[in-house]
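Chains as they are written, first to last, in our numbering: chain A, 1 to 112; chain B, 1 to 288.
Incorrect hints may appear among the rest.
The following label-pair restraints were derived from C-beta to C-beta distances [as the list claims (entries may be wrong)]:
#1 B:285 x A:83: 40 to 48 Å
#2 B:94 x A:17: 32 to 40 Å
#3 A:68 x B:134: 28 to 36 Å
Result set (EDC-like, lysine to aspartate or glutamate): computed pairs, CA atoms no more than 20 Å apart in a straight line [to be verified]:
#4 A:62 x A:4
#5 B:187 x B:287
#6 B:170 x A:65
#7 B:67 x A:31
#8 B:77 x B:55
#9 B:68 x B:215
#10 B:184 x A:57
#11 B:184 x A:31
#12 B:184 x A:82
#13 B:267 x B:254
#14 B:184 x A:69
#15 B:170 x B:257
#16 B:170 x A:4
Derived, one-sided and incomplete: chain B residues facing chain A with beta-carbon distance under 10 Å [claimed, not checked]:
#17 47
#18 49
#19 51
#20 55
#21 57
#22 62
#23 81
#24 88
#25 89
#26 123
#27 124
#28 182
#29 184
#30 191
#31 258
#32 260
Keep in mind that the hints were calculated from the coordinates and are not lab data.
We put the CB at the ideal spot given by N, CA and C, even for glycine.
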Amino acid sequence: MTLEELLRDLRDLEIRLGSPKVQNFFKNQPEEIRNHFVSFRLEVRFLVGKLTNAQLERIANKLDELSADLNQGINDLRSQIDALNDAVAITDTLSRVLGLAARFAVLCSAVL
Amino acid sequence: MMRQAHPTVAVLVVLAAFATGCASTEQYSRFAQAGTVYAATVDRLLVTAGNTGIDANSEFLLQADKKKNLTAEHYWKLSNVDEERLTTISRLRDHARLLARYFVLLNELATSDAPERAQQTIKGVAKSLNAFGTQLRRSKLVKDKEAFTSVTKLIIGFRIRGLLREELDKNKDIIWAQLETQEKLLKALAKTIQHDLTIISQEREQRLVIDPLTESAPVANPDEWVAHRRMVLTSRRSVAELATASVAARELREAFEDLVAGRLHLKRINILLTDLESILAIAEMIDR
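Same shape as in the complex, but just chain B (with noise of 0.2 Å):
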């Protein structure tokens, strides 16, 4: 039994100092699920950037009207402004799809239940191989059924991360170049909600509050009155809040850093996940 054991545990012990220093399937599998989120967070900012830009040119032409009589060629100049950023937005939603894509797949490389299909598939192998045996030879030709199961198993395991890692060796710079690129998105994005958010409450504070309080008669209702400031006034709290999505940017731009340098903690990968979800609210919360 110790004879037949020894060569398992050699290629065990191989396997084992191969493996030192490499990510293991659940780093990759956490990072990519990460990156699949960022993405979906990416694509919800989108939208919520294309329908704040929408929203600030409208307080802002309604105000503006009340002041000087407006034309259309004045309303068509911003209309024209929404309509080229709906068209780059489509294009940059695109983008975050081919990206969300390819973390996808590089979660289902990690995540693959190859090893242990291919532990079921070679234990039907070595009962086929040991049923010949026995009829060729009177000997079983698979001896040690479990040990052969075991380190096939382990052996496509080793192989899935054989395969993570050259695909990381590869495409690191192509990954690396996406993640700066969407990084310097993200924060465009950011400042384009908060300035455009300042912008509708600024209009909407004046349109809703200032002007009907400051005329000669008394507030026409007030329980209207009184629910538009607070919407005026709390919805500056998301403004704020929206300086997270910065950071999260360059969160997974180190996240994948330390992966590519096989010290990725898993902590920092959680960190992230509750950044990307606190935005992913926030970015609710704004288009509601």
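With the rest of the complex left out, here is chain A (with noise of 0.2 Å):
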């Protein structure tokens, strides 16, 4: 049995004993036999929470084995994306640079 199936047949359970019909049923009973219901009651919560926090661990758990490849994953788009904005800079940085030159140029041409 898989620990989902597990929590699905646990689930199942505790919502029949909570159900109107069965707490109605209960409470009518004897002090002895009530205190053994809510007890058992009480374990079946306990273990529904903890079965539920391991599988949520267990996701967690795959998560952090993943999480290196994407941060890497997330540095190569940083990387692209400032290549991106660095190649438009230099084009921008090279247009003054050409309209420097060029103002150069007529200056040296009408000493010249």
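Using the hints, build the complex out of the two chains.
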């Protein structure tokens, strides 16, 4: 039986134990039986909680394993965006340098 | 004019041929947006799962205390379970934020205005080159400035598509593994919340509706009793509606597979976004 199957069965059981029909039945029982019933329900509540936590923790552990690769993917994207912006910035600088060079050329030809 | 147009046309034809079968930047952008909304939805459901878990235990303890005098030990047994869950949820929220960061950057690359900025700066370069040429040789170096700047914009645009394609080829297995695991998380969260809501509904119905009604004395506050009964019965609708969460998780993974194959339809993304929005609305209603 897998964790998921066990969790599913325990959850079904818990819902049946909490149904109005079952709760009202035990409400009218002697104190000792009522106490046993409550203890049993508490135990089931506890087990459902623990198994749910185990399921979520397993997923968190899997995501931990994958996070290094995802971080690398994020760094790759940042580098590509930066490179793209740098290329545009370089072109912008080139434009300004050429603009200055052209003005310099004008000045030189005027002098000559 | 025709002789000068030919090289430009040839470049465009080659680039167009290259681009056939590849996803457009719009497809990448829309997928990335869906991924961001998905990560936000997972985050919201994680918060909801923490709250409903705590409330389910609270309601259970209240009802159990009516039938059997509970001790501090009983309280701590369930409270420790809540604390453990909150710790794991915090870890899972960190992962959701990391995934969101990836999608935000993917969208940033896909919607980069670099082509437009490059077009503007290249105009400046062309102008400067022509000023240079006029001074040096009495002729312009860049004869067809319009074609020069248009091709530049196209080249940068295709470069971005190339980068997106490279990114996908390099990291598709990583993203697929992430989405597959996130799908399992979303399914687990939906089932957890559904179950806890059912427990809360059962215990509240017993505490607020059935017990007051079945006691020997009449219901003390009828209007309040009516409101409680309505709250209990309508809350069960949220339980059923959460089933769409599992569907949304699968839809995102399938959309990613389509993006990789270059066949993503934007309609698919729109349907996914609608599903994610309704899940967010349900989560907000539950937490109210």
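The hints, checked one at a time:
Between residue 285 of chain B and residue 83 of chain A the beta carbons are some 45 Å apart, a value that agrees with the proposed interval 40 to 48 Å. Taken as a hint, the range 32 to 40 Å holds for the pair residue 94 of chain B and residue 17 of chain A, whose Cβ atoms sit roughly 36 Å apart. Against the hinted window of 28 to 36 Å, the Cβ-Cβ separation of residue 68 of chain A and residue 134 of chain B comes to about 56 Å, which falls outside the hint. Proposed proximity of residue 62 of chain A and residue 4 of chain A is supported: the alpha carbons are some 16 Å apart, at most 20 Å.
Using a Cα cut-off of 20 Å, the hinted pair residue 187 of chain B and residue 287 of chain B holds, with the two alpha carbons roughly 19 Å apart. Restraint check for residue 170 of chain B and residue 65 of chain A: the C-alpha separation of about 18 Å stays at or below 20 Å, so the hint holds. Using a Cα cut-off of 20 Å, the hinted pair residue 67 of chain B and residue 31 of chain A holds, with the two alpha carbons roughly 8 Å apart. For a cut-off of 20 Å, the pair hint linking residue 77 of chain B to residue 55 of chain B stands: about 15 Å separates their Cα positions.
For the given pair, residue 68 of chain B sits about 18 Å from residue 215 of chain B by alpha-carbon distance, which is consistent with the 20 Å threshold. This hinted pair checks out: residue 184 of chain B and residue 57 of chain A have alpha carbons roughly 12 Å apart, not beyond 20 Å. Distance check on the hinted pair: residue 184 of chain B and residue 31 of chain A sit about 43 Å apart at the alpha-carbon level, beyond 20 Å; violated. Between residue 184 of chain B and residue 82 of chain A the CA atoms are separated by roughly 34 Å; this puts the pair beyond 20 Å, and the hint is violated.
This hinted pair checks out: residue 267 of chain B and residue 254 of chain B have alpha carbons roughly 13 Å apart, not beyond 20 Å. The straight-line distance between the Cα atoms of residue 184 of chain B and residue 69 of chain A is roughly 19 Å, inside the 20 Å bound, and the hint therefore holds. Among the hinted pairs, residue 170 of chain B with residue 257 of chain B is consistent with the structure: their alpha-carbon atoms are about 14 Å apart, no more than 20 Å. A C-alpha spacing of about 33 Å is found between residue 170 of chain B and residue 4 of chain A, which places the hinted pair above 20 Å, so the restraint is violated.
With its C-beta approaching chain A no nearer than about 13 Å, residue 47 of chain B sits outside the 10 Å limit, and its interface hint is violated. With 10 Å as the threshold, the beta carbon of residue 49 of chain B comes within range of chain A, its nearest partner Cβ sitting at about 8 Å, so the hint holds. At its closest, the beta carbon of residue 51 of chain B sits 14 Å from a beta carbon of chain A; the interface hint therefore is violated under the 10 Å criterion. A cut of 10 Å between beta carbons decides the hint on residue 55 of chain B: the least distance to chain A is about 13 Å, and the hint is violated.
For residue 57 of chain B, the interface hint holds, since its Cβ comes within 10 Å of a Cβ in chain A; the closest pair sits about 7 Å apart. Given the 10 Å rule on beta carbons, the hint for residue 62 of chain B is violated: about 12 Å separates it from the nearest Cβ of chain A. With a cut of 10 Å, the hint placing residue 81 of chain B at the interface with chain A holds, because the nearest CB-to-CB distance is about 4 Å. Look at residue 88 of chain B: its Cβ gets to within about 5 Å of chain A, closer than 10 Å, so that hint holds up.
Taken as an interface hint, residue 89 of chain B checks out: its beta carbon lies about 7 Å from the nearest beta carbon of chain A, inside 10 Å. A cut of 10 Å between beta carbons decides the hint on residue 123 of chain B: the least distance to chain A is about 8 Å, and the hint holds. With a cut of 10 Å, the hint placing residue 124 of chain B at the interface with chain A holds, because the nearest CB-to-CB distance is about 4 Å. Taken as an interface hint, residue 182 of chain B checks out: its beta carbon lies about 8 Å from the nearest beta carbon of chain A, inside 10 Å.
Below 10 Å, beta-carbon pairs count as interface contacts, and residue 184 of chain B has one with chain A at about 6 Å; its hint therefore holds. This hint holds: residue 191 of chain B has a C-beta 8 Å from the nearest C-beta of chain A, less than the 10 Å allowed. Evaluation of the residue 258 of chain B hint against chain A yields a violated restraint, the C-beta minimum of about 19 Å exceeding 10 Å. With a cut of 10 Å, the hint placing residue 260 of chain B at the interface with chain A is violated, because the nearest CB-to-CB distance is about 14 Å.
Consistency with the previously given hints fails for numbers 3, 11, 12, 16, 17, 19, 20, 22, 31, 32, ordered from lowest to highest.
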